[in-house]
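The task is simple: from the sequences and hints, build the whole structure.
2 protein chains.
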Amino acid sequence: MKLTPEQIRQFEEEGYFFLPSCFSDEEVAVLRDEAEEIYKSNRPEVWREKTGAPRTAFAAHTYNEAFRLLGAHPRLVEPLQQIFGEGVYTHQFKINAKAFEGDVWQWHQDYGTWARDDGMPEPRAMNIAVFMDEVMAINGPLMLIPKSHKHGTLAAEHDVTTTSYPLWTLDKETVTRLAQEGGIVAPTGKPGSVLMFHGNLVHASPPNITPYPRKIVYLTLCAVSNHITKFTRPEWIAHRDFTPIVPVADDALLAYARAHKVAAE
Amino acid sequence: MKLTPEQIRQFEEEGYFFLPSCFSDEEVAVLRDEAEEIYKSNRPEVWREKTGAPRTAFAAHTYNEAFRLLGAHPRLVEPLQQIFGEGVYTHQFKINAKAFEGDVWQWHQDYGTWARDDGMPEPRAMNIAVFMDEVMAINGPLMLIPKSHKHGTLAAEHDVTTTSYPLWTLDKETVTRLAQEGGIVAPTGKPGSVLMFHGNLVHASPPNITPYPRKIVYLTLCAVSNHITKFTRPEWIAHRDFTPIVPVADDALLAYARAHKVAAE
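Which chain is which? The protein sequence lines are A and B, in order.
At position 53 of the first sequence (counting the first as 1) the number is 52 in numbering that gives the first Met the number 0, and the numbers step up by one without a gap.
At position 185 of the second sequence (counting the first as 1) the number is 184 in numbering that gives the first Met the number 0, and the numbers step up by one without a gap.
Check each hint, because a few of them may be wrong.
[Stated by the list, open to error] In silico lysine-lysine, BS3-like type, Cα no more than 25 Å apart, as pairs: (1) A/Lys49 <-> B/Lys49; (2) A/Lys149 <-> A/Lys1; (3) A/Lys49 <-> B/Lys171; (4) B/Lys49 <-> A/Lys171; (5) B/Lys171 <-> A/Lys39; (6) B/Lys1 <-> B/Lys146; (7) A/Lys149 <-> A/Lys171.
[Claimed, not checked] Listed next, with one range per pair, are the computed distances between beta-carbon atoms: (8) B/Ala136 <-> A/Thr50: 21 to 29 Å; (9) B/Arg232 <-> A/Lys171: 26 to 34 Å; (10) B/Thr175 <-> A/Glu234: 34 to 42 Å; (11) A/Phe241 <-> B/Glu35: 53 to 61 Å; (12) A/Ser23 <-> B/Thr175: 43 to 51 Å; (13) B/Ala136 <-> A/Asp250: 46 to 54 Å; (14) A/Thr228 <-> B/Glu48: 35 to 43 Å; (15) B/Arg232 <-> A/Gly151: 49 to 57 Å; (16) A/Lys171 <-> B/Thr175: 47 to 55 Å.
None of these hints come from the bench; they were simulated from the model.
Heads up, the beta-carbon is just placed ideally off N, CA and C, and yes, glycines get one too.
Structure (structure tokens):
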């Protein structure tokens with residue numbers, strides 16, 4: 000899949016682009032089904048809220064076939080090869096649950112963490128959010144500050160208390176200043192929609208206080224020549240296999256879904 | 000101001016109705032200005048977040064002229080006289096700030112508190128939310144479960160830990176069941192918009208993680224014959240003056256605003 004010049008221009012200007020219904024209902028149904036199975040498992044890669052509810056499952060592409068096919072999907076990999084002009088590898092892969100009363104994620108830039116904790120040389124890595132459930136205004140949507148990626152890596156504090164996952168977070172004055180310039184958007188859409196955003200784009204998300212689930216798969220794909228240089232986190236959080244992803248066929252995930260007879264919802 | 004038969008039907012069926020731009024920019028500007036002054040004061044009626052930021056100012060209609068005029072405004076009082084078929088008095092009056100990182104308000108019914116804590120005989124009292132700032136999907140809007148007012152007073156637990164104001168809150172199973180029946184709405188609108196909802200309508204609001212302020216004045220007006228019978232809370236939280244409100248002139252707040260030369264924004 001190739002991005003249009005308009006999509007590339009929007010990404011450069013605004014720091015993100017949104018692809019509604021990038022994956023079909025059949026493709027999403029099998030992923031959602033397998034995500035629930037993974038959340039039930041007792042793996043160290045599955046992190047939980049204080050209540051015991053699943054919060055994040057890491058590295059599912061290394062132990063689950065459907066997520067392996069998603070992580071190598073040409074609709075996700077080819078746009079990044081196009082933007083970076085080289086092969087990409089998987090830096091991080093997680094399935095975030097954000098069920099009823101999931102925690103807040105404070106305002107942050109992901110590249111801040113990749114640089115400080117993982118020694119990633121440049122912000123030549125990108126976040127891809129694949130919606131497993133419908134993301135609505137009310138169920139804890141991701142909020143982005145457009146244009147904030149142009150400010151480089153901003154000063155941040157290591158927040159290990161207000162969220163259950165340690166994050167380098169920005170202070171209120173910085174967020175206020177950036178929002179005055181770029182505003183705040185919260186893209187919403189059907190399951191299967193995809194949001195791609197720059198590693199320096201400032202983002203946050205409120206808790207989900209509704210009964211409507213809001214599972215999102217987050218892939219971070221990094222240009223191969225920009226691989227990380229510090230190994231302070233477990234390898235299933237910050238991967239160390241820098242082999243370029245070879246995209247699977249565009250219908251590979253669909254074929255898997257049909258072979259496993261998961262009905263589309 | 001009289002409600003239309005359609006508005007009354009919607010209130011009976013759905014448990015709420017929404018009046019966009021019920022107050023003009025000039026009227027709201029003076030209220031917003033005076034609210035900021037009240038938040039700066041050191042009165043016991045002003046409650047704060049753990050951070051010291053203002054959360055709620057109680058009883059401003061008793062010590063501030065602009066809020067006195069709002070609390071006796073015919074656009075708010077007359078619809079309730081019409082619904083209850085008798086005079087109404089002010090049971091509670093608060094200005095909620097919900098600034099950047101305001102706390103969550105868990106799912107609850109207000110009448111649960113009025114009955115249990117204040118001995119209010121029947122749910123013949125109503126909440127009126129007057130938007131001081133623009134309420135958007137992203138800055139912590141009030142969420143309502145339509146039709147939930149038809150279930151009477153639901154079993155609740157007294158939550159004194161997760162919010163900074165003690166509330167009788169509903170469990171997740173109850174909220175999930177009610178949302179399956181009625182859905183969830185989050186009315187948004189310009190400053191001056193008004194939302195009126197039944198004392199038994201289940202509602203909640205997420206924190207405001209944006210820099211956009213979201214001040215709302217909440218009035219609770221109660222039918223005079225239904226006045227409270229238990230006095231467990233300070234009288235500036237649950238008022239004991241049951242005299243029927245005599246509405247002021249429709250232009251009284253506007254005249255006050257013009258006399259005080261506060262420019263509309």
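- [ ] With a cut-off of 25 Å on the C-alpha distance, tell me whether B/Lys1 and B/Lys146 pass.
- [x] holds, 23 Å
Task: Pair hint outcome, A/Lys149 versus A/Lys1 [Cα-Cα no greater than 25 Å] - done: holds, 24 Å
Task: Distance restraint hint 26 to 34 Å, applied to the beta-carbon atoms of B/Arg232 and A/Lys171 - done: Holds, since B/Arg232 and A/Lys171 (Cβ atoms, about 33 Å apart) stay within the stated range.
Open item on the list: If I claimed the Cβ atoms of A/Lys171 and B/Thr175 lie 47 to 55 Å apart, would that claim hold in this structure?
Closed with: violated, 34 Å
Open item on the list: Would the hint linking A/Lys49 and B/Lys171 be met if the CA-CA limit is 25 Å?
Closed with: holds, 16 Å
- [ ] Sort out whether A/Lys39 lies within 25 Å of B/Lys171, counting only the CA atoms.
- [x] Judged against 25 Å, a Cα distance of about 20 Å means the pair holds.
TODO: Given the hint of 46 to 54 Å, check if B/Ala136 and A/Asp250 actually sit that far apart at their C-beta atoms.
DONE: violated, 36 Å
Open item on the list: For the hint 34 to 42 Å, verify it against the beta carbon of B/Thr175 and that of A/Glu234.
Closed with: Once the Cβ atoms are compared, 38 Å apart, the range 34 to 42 Å for A/Glu234 and B/Thr175 holds.
Task: B/Ala136 versus A/Thr50 beta-carbon gap, inside 21 to 29 Å or not - done: holds, 26 Å
TODO: Confirm or reject the claim that B/Arg232 and A/Gly151 have a C-beta distance inside 49 to 57 Å.
DONE: holds, 52 Å
- [ ] For the pair supplied as a hint, A/Lys49 and B/Lys49, confirm whether the alpha-carbon distance does not exceed 25 Å.
- [x] Roughly 21 Å between the alpha carbons, so the hint for A/Lys49 and B/Lys49 holds.
Open item on the list: Just to be sure I understand the hint, the distance between the Cβ atoms of A/Phe241 and B/Glu35 should be within 53 to 61 Å; is that true here?
Closed with: holds, 54 Å
When held up to the earlier numbered hints, the structure conflicts with 12, 13, 16 and fits the remainder.
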